[in-house]
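Knowing the structure of chain Z, use the given hints to seat chains C, E and V on it.
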Amino acid sequence: MEEGKNISQSLQESAAAYSIIHEKFGSAISDFDANETMPFFEVVDTSLWTEIALFMREHPKLQFNYMACLTGVDYPAEEKLGIICNFESLALLNHKLAVKVKCARNGGSIPSVACVWHTANWHEREAYDMFGMLFTGHPELKRILCPDDWEGYPLRKDYKVQDQYHGIKVPY
Amino acid sequence: MQELDTAGLGSVRVTRQSDTVVILEKDLATEQMVLAMGPQHPSTHGVLKLECLTDGEVITQAEPYLGYLHRCFEKCCENVDYPAVVPYTDRLDYLAGMNSEFSYAITVEKLLDIEIPRRVEFIRVIVAELNRIASHLVAIGTYGIDLGAFTPFLFCFRDREIILGLLEWASGARMLYNYIWVGGLAYDVPTDFLKRVKEFVTYFRPKARELSELLTENEIFVKRTLGIGIMPADVAINYGWSGPMLRGSGVKWDLRRNDPYSIYPELDFKVPVPDGKLSVIGDCLSRHLVRAWEMDESLKIIEQCIDKMPSAEGFNPRSAIPKRIRPKAGEVYGRAENPRGELGFYIESDGKSTKPLRCKARSSCFVNLSAMKDLSKGQLIPDLVAIIGSIDIVLGEVDR
Amino acid sequence: MSEYFGNIKTGAVTIATGMGITLKHFFNAIHRKGDAGLDDVDYFRQVDGLCTLQYPREVIPTPTNARYRLYNKIDDCIGCGQCVRACPISCIEMETIKVAPDDLAVCGKTSDGQQKKFWVPLFDIDVAKCMTCGICTTVCPTECLYHTPVADFSEFDRSNMLYHFGNLTRLEAEAKRRKLAEIQAKALAEKEKKAAEAKQETKDGE
Amino acid sequence: MSTMLLSQFSIPFLMGNSLNTWSEALAGFYLYGLPLGLVIVAAIPLVFIALYSLTYGVYGERKISAFMQDRLGPMEVGKWGILQTIADILKLLQKEDIVPASADKFLFVVGPGILFVGSFLAFAVLPFSSAFIGANLNVGLFFAIGIVAIEVVGILAAGWGSNNKWSLYGAVRSVAQIVSYEIPAAIALLCGAMMAGTLDMQKITMLQSGTYGFAHFFLFQSPIAWLPFLIYFIASLAEVNRAPFDIPEAESELVAGYFTEYSGMKFAVIFLAEYGSMFMVSAIISIVFLGGWNSPLPNIGSVALNEWTNGPVWGAFWIITKGFFFIFVQMWLRWTLPRLRVDQLMYLCWKVLTPFAFISFVLTAVWEIYRP
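Protein chains in written order, with my numbering: chain Z, 1 to 172; chain C, 1001 to 1400; chain E, 2001 to 2206; chain V, 3001 to 3372.
In short, the hints are calculated from the structure, not lab data.
Just to be clear, a hint being listed does not mean it is correct.
Taking lysine-lysine pairs in the DSS-like style, the calculated list, with each CA pair at most 27 Å apart, reads [to be verified]:
#: 1; chain 1: C; residue 1: Lys1323; chain 2: C; residue 2: Lys1075
#: 2; chain 1: C; residue 1: Lys1075; chain 2: Z; residue 2: Lys142
#: 3; chain 1: C; residue 1: Lys1373; chain 2: C; residue 2: Lys1252
#: 4; chain 1: E; residue 1: Lys2033; chain 2: V; residue 2: Lys3079
Some residues of chain C that are not near chain E, with every Cβ distance over 12 Å (derived) [unchecked claim]:
#: 5; residue: Met1033
#: 6; residue: Lys1049
#: 7; residue: Asp1268
#: 8; residue: Pro1272
#: 9; residue: Asp1296
Non-contacting residues of chain E with respect to chain V, defined by C-beta distances greater than 10 Å in every case (computed) [stated by the list, open to error]:
#: 10; residue: Thr2010
#: 11; residue: Thr2138
#: 12; residue: Cys2140
Cβ coordinates follow ideal geometry from the N, Cα and C atoms, glycine included.
Extracted from the complex, chain Z is given alone in its bound form (with noise of 0.2 Å):
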């Protein structure tokens, strides 16, 4: 009981922030998604992702200057790829949102938000390793756990994995 309670008041959190951001940036980003496990918004107009993200950490209600974690997805039903940021203001506000950004899945992108927390900066990398969307502005885009010259990426679904790797035989 005490736990859903606790559960619901986060939500509540996440609902006041997200109305903060939705005021400033009205119908550029989706309705909130007020689930249990994990409440987001989706950003509709991708361009505007950096501004967004350094609202977010900047805006004195907001303030989410932690981000969790940053999940590249891939949407092969919708054609698209996508991240999805868990952000907390940490140690300040104690509220948690998660973001979801989009892009079409052939040469997509998104805009970078390495600039505005540092723990993107890998996470796009991994994220440009596994699924293969292009970060506007990122400081280093590169592969990150793959070799530079490994083919294709890796988590997409239907990836299919190359027969060598500098004459090594890769499927096991």
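Here is chains C, E and V on its own, set in the frame of chain Z:
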């Protein structure tokens, strides 16, 4: 005759003799040298490569290269059932398998929205805290090795061995447990287990004291770590640091307290942060001290859990495990406090399959390591070693 | 200046403390800790001292529930194939042949009295791949597949890591397969005959 | 002829306590009127002592570290693993002797040799007993201090010749370290020389003999002798690259420092040189401050312990025991302490040891003049 300035490398006076440049005189300029530290190097804690640009012993730039231990954790997760991910989580941070399992289990449970028996929660916390001590022992011991003290390392391993023995007795395996399942536990603990854990706590306290006398209080050790690799709190947060690293920078932030899960809210423990008396806040020594203090707190937690433990009567560790784990469609980001920081799992379920659509591990080491470039600038090579050691990376978790 | 001498003093004192500790351990080396397992009541009553063991000759006992080498008690295996499906890394390979009705008695029952309905000519576990997660053992309905506490089973040749548990020789398996095929063919013929008859009947009915 | 031969042969065994006769007799040994130039013969026992110190130094190091760390240490070869070092030597002998393709071949090969020679030349002036010293130089102590510097050349040659960045770091660090630490070490030894009034190692030792045993040792002869003793001990650790001053070979920083690229017998030679110089500095400190081959046991009334335990053979026993004791302390320190950083090392040398060495030098001088 002309003077060339070769981009900060000091000026060189040269003359041209029929198309060839002859160097007449060179300033006492130092040349920068690229030094590949790793992937095989004793103090990179695994297969990490740091490409350092050095000026003498001073590092002007260090660029980490990862991925030597990439084992496609996330791709594997998309191809196995929810319960079968658990053994893979062990292999993320192989020094703290229980904590990784714990983190994954609470994440999926959040998605499934199921109630866990109380005894399960207590056992989970005990094994996770035991494993936290084991992990910190490795961190402290290997840090000693990095700074040249070999003996504390073996003392640490001697005591860690006992913890591994205890966990083996409970779960059947020494490092890769597959003990904390989604919705419960693999088995109940053996009959005498709690008694033995309690004996371990009394055994370990003086040993921890001895360890701190031998290593932490040693003047050479203090001199090697004090004021090295200072990370201010706000930068640390911006880098996404968590766990002992963030606490070392003076931020009182512990997921067990600030985003409580399991039975942690009922337990009495402190979140140790450096006060700036023994160390400079945010330096290597602070991070080391936080780890040493945390072991004490973990011992306290274990003692409390044993005292409050509900009886084993009629207890089935698998009672709450769903027959078939197929969560409703949705996304969840769950996390727990690992010995190295926040281990989070982002899991997306499509509601139809028994396999996760996407399972991302937010690894604390990966994030902590990303500050390496900033931290290492202008440090000496021995200090670089001290900094890497204080980050306490486990490459299994960095590369996943 | 006082800081200078203070540094020298703390340095000397802490170094002396550390040396005291190592010397204590050095003289303590006349004791040896022993090789009790953690399930031993007296584990923490062992003396402090040298704590390593000479491995192949002295071993810390693994607990009885330890999860190491995978073993299949093939007599109890009903060939359900759940372990194969559960294994996250597919280290179990299995082939089954349905038991012909007249062979059921030959095939026998499991130790808890369940009738086995499949021959298991092939049950290979690649223990080199096995990550001892224990998922296969939890799904096993007859509990014939389990991990044993044998931890050290290294081999010089990798092919020796492939453990065969199938209980039929190749010839036997071939015979069973042929028998089953015959029976199935017969059954099929029967079925076709019946179908044809039924067809005939319906035709006749018209 | 035959009587002459006999007398020459029997000299070492008959001479008793008279100085250096054994070695001098060996060196001046004429066979059929031909001098065999047998300095080499005199050197043979030295080499044996050195090999002995290596063999049991390595074994001792492994066992001591093991016991301090609650381990068993080597146990397989022989009873208690006592033959472990011999097995190691056999292994090293069989190993392929790799010279990296891009190494400076000459320096690479010559480096370990110079190192070895540097560390073993000093053995020539160490008096191993009242009747045995390799070369009884009147500037023995000076020679011992000076010859250590040759090691630096070997280390630099090895580090540079390897053409490996880690080796180069190790070599450069080592040079800086050894050159710096020579100063406090030499000044501290000069305190001992001042108390003796001579640089002759054998005479220094003799001046410390007496019926009161240890009370005649220079360490207890002056109220401030402990200071140069301590300074020399610390500086000698740095000179032989032992922890906590093992930064030239700091394995967690520089992989293995200047001998990263060495394998097989060349590696063994470097190792031999290291243990040889460990024994060498230990012997020097025991000669200058702790009476060398003199027995530390005093005569107590009619129980003439001191006289019973003195003599050529006893002398060798005492100096080797004292040397091994200091080797034990070196190992004890190594397995206790973390490693210093380069700048801290230099701080310790220039801002702590050198000033204190000067102070102790002055105080010793004052004490020697106004000694009651």
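Hint check:
Taking the CA atoms of Lys1323(C) and Lys1075(C), the gap is near 24 Å; set against the 27 Å cutoff, the hint holds. As the CA atoms of Lys1075(C) and Lys142(Z) are separated by approximately 20 Å, the hinted pair is consistent with the 27 Å bound. The suggested pairing of Lys1373(C) with Lys1252(C) holds, with an alpha-carbon distance near 25 Å, which does not exceed 27 Å. Using a Cα cut-off of 27 Å, the hinted pair Lys2033(E) and Lys3079(V) holds, with the two alpha carbons roughly 20 Å apart.
Even its closest Cβ contact with chain E, about 33 Å, leaves Met1033(C) beyond 12 Å, as expected for a residue assigned away from the interface. Under the 12 Å C-beta cut-off, the non-interface status given to Lys1049(C) relative to chain E holds; the minimum distance is some 27 Å. Separation of Asp1268(C) from chain E is adequate, the least Cβ-Cβ distance of about 25 Å exceeding the 12 Å criterion. Every CB of chain E is more than 12 Å from the CB of Pro1272(C) (nearest about 22 Å), matching its label as outside the interface.
The Cβ of Asp1296(C) sits about 19 Å from the closest Cβ of chain E, beyond the 12 Å cut-off, so the non-interface label holds. Remark: the non-interface label on Thr2010(E) is consistent with the geometry, its nearest Cβ contact in chain V lying 13 Å away (cut-off 10 Å). Here Thr2138(E) stays apart from chain V, with its beta-carbon at least about 38 Å from theirs, past the 10 Å limit. Non-interface status of Cys2140(E) relative to chain V is upheld: no Cβ of that chain comes within 10 Å, the nearest being about 41 Å off.
The structure agrees with every numbered hint stated previously.
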